[in-house]
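A.B. asks: The primary structure of each chain is shown beneath.
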Amino acid sequence: MCVTRAGKVVYTSNGRARVEFFDGRALDDIDVSVVDAKKGAFVEVFGNLALGVLSSAEAKRRKQAWIEVAKAAGVAHE
Amino acid sequence: MKADGVLFHAKHAFMPNSLGYCGPDEKGQIQRDLEGDRSNEELVQTLKKFEAAYPFLRLIAKSAGRQVFDYTVPEAYWIGNRLLDLVPVSDFYSFSHHEIKGRDPEKVREVFRRLDGVAPPHHTFYVMSTYATSAVPDGPNITNQARLKIAEAVDNCRISWGTVRRVGKEELQVEVRRVNVDERGLSLARPAVKRVRYNPEVRPFAKVRAGDVVSIHWNYACDVLTPRQARNLARYTDADIRLVNRLMESEESRK
Chain A
1 MCVTRAGKVV YTSNGRARVE FFDGRALDDI DVSVVDAKKG AFVEVFGNLA LGVLSSAEAK
61 RRKQAWIEVA KAAGVAHE
Chain B
79 MKADGVLFHA KHAFMPNSLG YCGPDEKGQI QRDLEGDRSN EELVQTLKKF EAAYPFLRLI
139 AKSAGRQVFD YTVPEAYWIG NRLLDLVPVS DFYSFSHHEI KGRDPEKVRE VFRRLDGVAP
199 PHHTFYVMST YATSAVPDGP NITNQARLKI AEAVDNCRIS WGTVRRVGKE ELQVEVRRVN
259 VDERGLSLAR PAVKRVRYNP EVRPFAKVRA GDVVSIHWNY ACDVLTPRQA RNLARYTDAD
319 IRLVNRLMES EESRK
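Each protein sequence line maps, in turn, to chains A and B.
Counting from 1, position 12 in the first sequence corresponds to residue 12 in my numbering; the numbering is continuous, with no gaps.
Counting from 1, position 41 in the second sequence corresponds to residue 119 in my numbering; the numbering is continuous, with no gaps.
Treat the hints as calculated values from the structure; they're not laboratory data.
Since the model is a prediction, treat every value here as computed from it, not as a measurement.
Among the hints, a few may not be true.
[To be verified] Within a straight-line C-alpha distance of at most 30 Å, the following computed DSS-like cross-link-like pairs (lysine-lysine) qualify:
no., chain 1, residue 1, chain 2, residue 2
1, A, Lys39, B, Lys126
2, B, Lys140, B, Lys126
3, A, Lys38, B, Lys185
4, A, Lys63, B, Lys127
5, A, Lys63, B, Lys227
6, A, Lys60, A, Lys38
7, B, Lys127, A, Lys8
8, A, Lys8, B, Lys140
9, A, Lys60, B, Lys185
10, A, Lys60, B, Lys127
11, A, Lys38, B, Lys227
12, A, Lys63, B, Lys105
13, B, Lys140, B, Lys127
14, A, Lys60, B, Lys126
15, B, Lys105, A, Lys8
16, A, Lys60, B, Lys140
17, B, Lys272, A, Lys39
18, B, Lys227, A, Lys39
So that you can see chain A by itself, here it is in the shape it has in the complex (with noise of 0.2 Å):
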């Protein structure tokens, strides 16, 4: 099943994206289109589809809870 993941916009193209998400993985292809995010933003994505742009603040608080999740479950993150 999907989660929701928060990631970073590295590359736009024809409204699909590649985005590297908080938890270290990243995906191609992911549509961007919907929220229109650009190179950049921080968005929300449940899979493939980015369903929402994050704020600098949300996307920060996000990243955190990430780690501390990481940090928690003994996975090591960059």
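For this one, chain A is given, so just place chain B on it according to the hints.
C.D. replies: Quick look at chain B alone, frame taken from chain A:
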């Protein structure tokens, strides 16, 4: 032969994992084990690494007093059965706050408040409520094209079902009812035929035939459903849609 809950769960978790949307990078292990019809400890350990699916199974299993991979537990989660009714809403609320990564706590609170505490731990409800509480579907200027994309995404993410009309080598033509999204909310469209992939190496797909009803996740046929399962999936999906439309209606009335 006793139905295997590990394999049933793996069949439904496989495609979003292979697309990179959830779970660990397991380098083809799930597919190999499905093709070999092997339920084993290594597969169990892999399935426990799914960030959302496994916690949901634990929640349902605990409420029902069953083992996590008892067949009825993943069946409840993906398809729907009476085990969902045994999960106290207070437990589901607490679980949604503490065990599911990535969801905004405020949105979780809103879902439970606006539905008066009626919310099932069913995969389809999770998917649909995630979209319903996102910033996208209630935007004032949402275009028809955006609606189509959201409908397609919901349809891919949920477990849908289809009646097999034609069997190809690695592709089935199935009659399905897609999710429709419009200003009134979600609904199921009239039946239409679409193509989905399947793996003939995964049991029981070597014997799949026209008339069978299959479960579908991300355009991949996961399993052949029994008539009871097909009825349950339709019934629970219908209930999920009604709940999510209530959620969206109450969002509209707040504006």
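A.B. asks: Of the hints given before, which are not true for this structure?
C.D. replies: 1, 8, 16 and 17
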